[in-house]
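Construct the complete structure from the given sequences, taking the supplied hints into account.
Protein chains: 2
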Amino acid sequence: MQNFDYCTPTRLLFGKGVVSKLPEVLAPLGRKVLLTYGGGSIKKMGLYQKVKELLKDFEIVELSGIQPNPKYDPSVLDGVRLCKENGVEVILAVGGGSVLDCSKAIAAGACYDGDPWDLITGKVQTVKALPMVDILTLAATGSEYDTYGVISRTDTNDKIGYGHKLLYPVCSFLDPTYTFTVSKWQTAAGCADAMNHIMEQYFTGETTLMNDGFCESILKSLMVNGPKCLENPEDYTARAEMMFCCTLACNGIVAQGNSRSGWPCHGIEHALSGYYDITHGVGLAIITPHWMRYILSEKTLDRFVKYGVNVFGIDASLDKWEIAREAIDATAAFFASMGIPMTLREVGIDDSRIGEMARHIAETEGLEEAWVPLFEKDIAAILTASL
Amino acid sequence: MQNFDYCTPTRLLFGKGVVSKLPEVLAPLGRKVLLTYGGGSIKKMGLYQKVKELLKDFEIVELSGIQPNPKYDPSVLDGVRLCKENGVEVILAVGGGSVLDCSKAIAAGACYDGDPWDLITGKVQTVKALPMVDILTLAATGSEYDTYGVISRTDTNDKIGYGHKLLYPVCSFLDPTYTFTVSKWQTAAGCADAMNHIMEQYFTGETTLMNDGFCESILKSLMVNGPKCLENPEDYTARAEMMFCCTLACNGIVAQGNSRSGWPCHGIEHALSGYYDITHGVGLAIITPHWMRYILSEKTLDRFVKYGVNVFGIDASLDKWEIAREAIDATAAFFASMGIPMTLREVGIDDSRIGEMARHIAETEGLEEAWVPLFEKDIAAILTASL
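Chains as they are written, first to last, in my numbering: chain A, 1 to 387; chain B, 1 to 387.
Derived from the structure by calculation, the hints contain no laboratory data.
Computed from a predicted structure; not experimentally measured.
Zero decoy hints are in this set.
Since the list gives no way to pick one copy over another, a pair counts as held whenever it fits inside one copy or between any two copies.
DSSO-like cross-link-like pairs, simulated, lysine-lysine; straight-line CA separation at most 27 Å:
| id | residue 1 | residue 2 |
| --- | --- | --- |
| 1 | Lys-320 | Lys-220 |
| 2 | Lys-228 | Lys-306 |
| 3 | Lys-21 | Lys-44 |
| 4 | Lys-165 | Lys-128 |
| 5 | Lys-220 | Lys-299 |
| 6 | Lys-52 | Lys-16 |
| 7 | Lys-184 | Lys-228 |
| 8 | Lys-84 | Lys-165 |
| 9 | Lys-165 | Lys-21 |
| 10 | Lys-43 | Lys-56 |
| 11 | Lys-306 | Lys-220 |
Given below as structure tokens:
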């Protein structure tokens with residue numbers, strides 16, 4: 001078991017109606033609020049109006065239009081400018097992972113005099129950030145319970161993960177009813193995203209019995225509740241279970257003491273959505289089974305066997321290779337069963353830039369240190385298999 | 001799924017050698033430290049000397065001799081007095097759950113002008129507490145990751161659980177090597193204690209798939225690693241897994257969204273160790289199977305079946321009642337296999353005060369609101385069956 005240093009100080013307020021506590025949570029943090037959100041969905045469902053009503057005694061500045069794979073320019077830059085111009089004291093992010101990720105970069109950028117890109121790349125150390133609170137409307141990334149954000153820069157095709165312990169949300173409001181209107185596409189992608197977060201931590205050299213059980217439990221719950229959400233979008237219990245699974249899938253609580261895995265599928269997917277702006281969870285679902293097939297070997301076999309037996313209930317008495325291959329096929333079949341296109345071509349990606357992406361990934365994502373090290377040729381092979 | 005409000009801000013520094021970070025963790029909290037500990041075990045293993053060496057630039061006041069089932073008088077009262085007399089700024093608890101529990105009561109009492117008992121009983125609301133840091137030397141109670149402490153008062157036989165969100169440790173140092181010298185008796189009792197913490201949360205009306213899996217994973221890990229620790233007390237991996245299981249077993253992370261269970265075995269055991277000063281984990285191990293047999297009914301059957309199949313691997317195709325009874329028997333057999341005496345008589349408790357204890361429990365522990373409500377006669381029946 002590896003040494004670790006773990007702390008997640010975020011308060012989770014979970015359930016129907018919890019958003020009524022918003023004023024009492026925000027008040028100690030400040031009266032000048034930057035309200036960040038994406039497109040019009042929070043207006044359509046009435047959440048925008050509810051927040052404005054709850055915060056009628058606060059001063060609100062708004063940043064809207066934050067896109068999926070949130071953009072450094074204009075969103076982060078606009079947000080930072082608004083904070084500085086208006087003396088914003090606290091950020092309230094209302095939306096999914098993209099809005100939250102963008103808001104974290106704004107929170108840090110607002111307390112820094114130089115170009116916020118310096119903080120995102122790590123050229124300059126983050127030393128201060130505005131407090132952030134969020135109301136989550138999409139179960140997927142786990143940004144509501146971690147320090148990370150992923151920011152895209154269209155001029156360079158960079159998509160960079162940025163994290164700092166100052167960027168934990170102070171409080172995340174998790175009301176599953178706000179996910180009732182999430183589309184089938186985004187529900188399936190969110191489920192695949194969270195499942196991949198678990199797989200990225202589960203497939204590694206050293207784990208613990210407890211962690212393996214935690215990971216398997218989240219996967220099994222998502223595989224039951226994800227499809228239920230697709231079938232009946234207003235199934236409160238299914239939406240609630242899926243939401244909390246996603247929240248716990250990405251903050252590291254299921255992998256403390258494990259050896260480092262390197263998060264290889266994320267390393268690869270960041271380039272896909274950096275170059276092609278595809279839905280992150282869909283990109284992960286496409287790549288994951290091909291990455292699994294590529295790394296299956298004598299060294300990794302037992303891990304896939306445990307996964308197959310404990311997650312998919314495959315008969316433990318079968319041949320180990322058979323179990324492993326069946327488990328990988330079952331992974332792909334599950335993603336497909338949720339309506340996710342399982343090839344890159346279906347999401348508009350052909351072979352024209354695979355070499356360029358593989359080189360970019362190899363140079364920037366550190367996958368030579370993953371559990372099974374991946375170099376440029378390995379990454380290109382996985383991308384090609386995913387076409 | 002029930003609404004919840006969850007936040008555990010404690011930092012966990014886990015692994016061999018992490019205690020070297022003690023000065024940098026304590027420094028921002030203060031230079032005047034109350035060092036609390038129990039008997040001489042931390043001196044025997046050299047930890048006391050190491051702490052003194054690490055903190056040579058701090059002012060240290062000491063409170064030693066904190067007993068198992070920590071006592072209001074003298075320990076809490078002495079600690080509060082020492083803090084006030086010396087202007088203590090931070091408490092460093094070095095020991096097991098009893099030392100930590102006692103230190104939490106001191107942390108709050110030091111910031112209150114009246115009788116600290118008012119805070120423990122809840123007569124007066126806790127509004128301030130000194131920060132507390134701990135170095136854990138016994139895997140068991142989970143006090144290193146929760147807000148709770150249990151304090152005993154010998155003059156009234158009261159043993160009261162006391163908790164407040166201000167009482168989360170700021171940082172817990174978890175070095176499994178400090179548990180190498182824990183006796184077989186305390187190792188077994190610690191394992192049973194943590195297992196019971198899980199059972200208290202698992203056996204309730206409404207749960208989630210994820211939570212059930214989390215609970216089952218911790219139980220299975222403890223049932224593998226507890227016996228390994230008994231067999232080879234210096235098995236680092238087993239001590240480490242057991243330690244982290246215990247840490248996560250009691251702060252509620254495995255039961256957010258579940259309905260309230262009422263923690264009935266703890267309610268009953270508090271009186272046993274309040275009246276007879278027995279080892280808490282042993283008391284729990286004795287009571288738990290009898291409580292299970294007492295509440296097994298049509299209403300609770302399915303929960304016991306799930307427990308039997310998923311934790312003990314009992315054949316799911318058997319008759320449900322058979323699975324449930326086999327699971328309860330297996331629970332008792334596991335505790336016994338660790339060398340725990342499984343009757344109250346073996347720990348010096350006869351039938352002479354059962355009526356008195358049952359009345360006391362019924363009046364103070366609120367077990368009429370447990371998942372299966374327990375009144376005085378039910379409590380007396382469980383105690384009698386445990387003789």
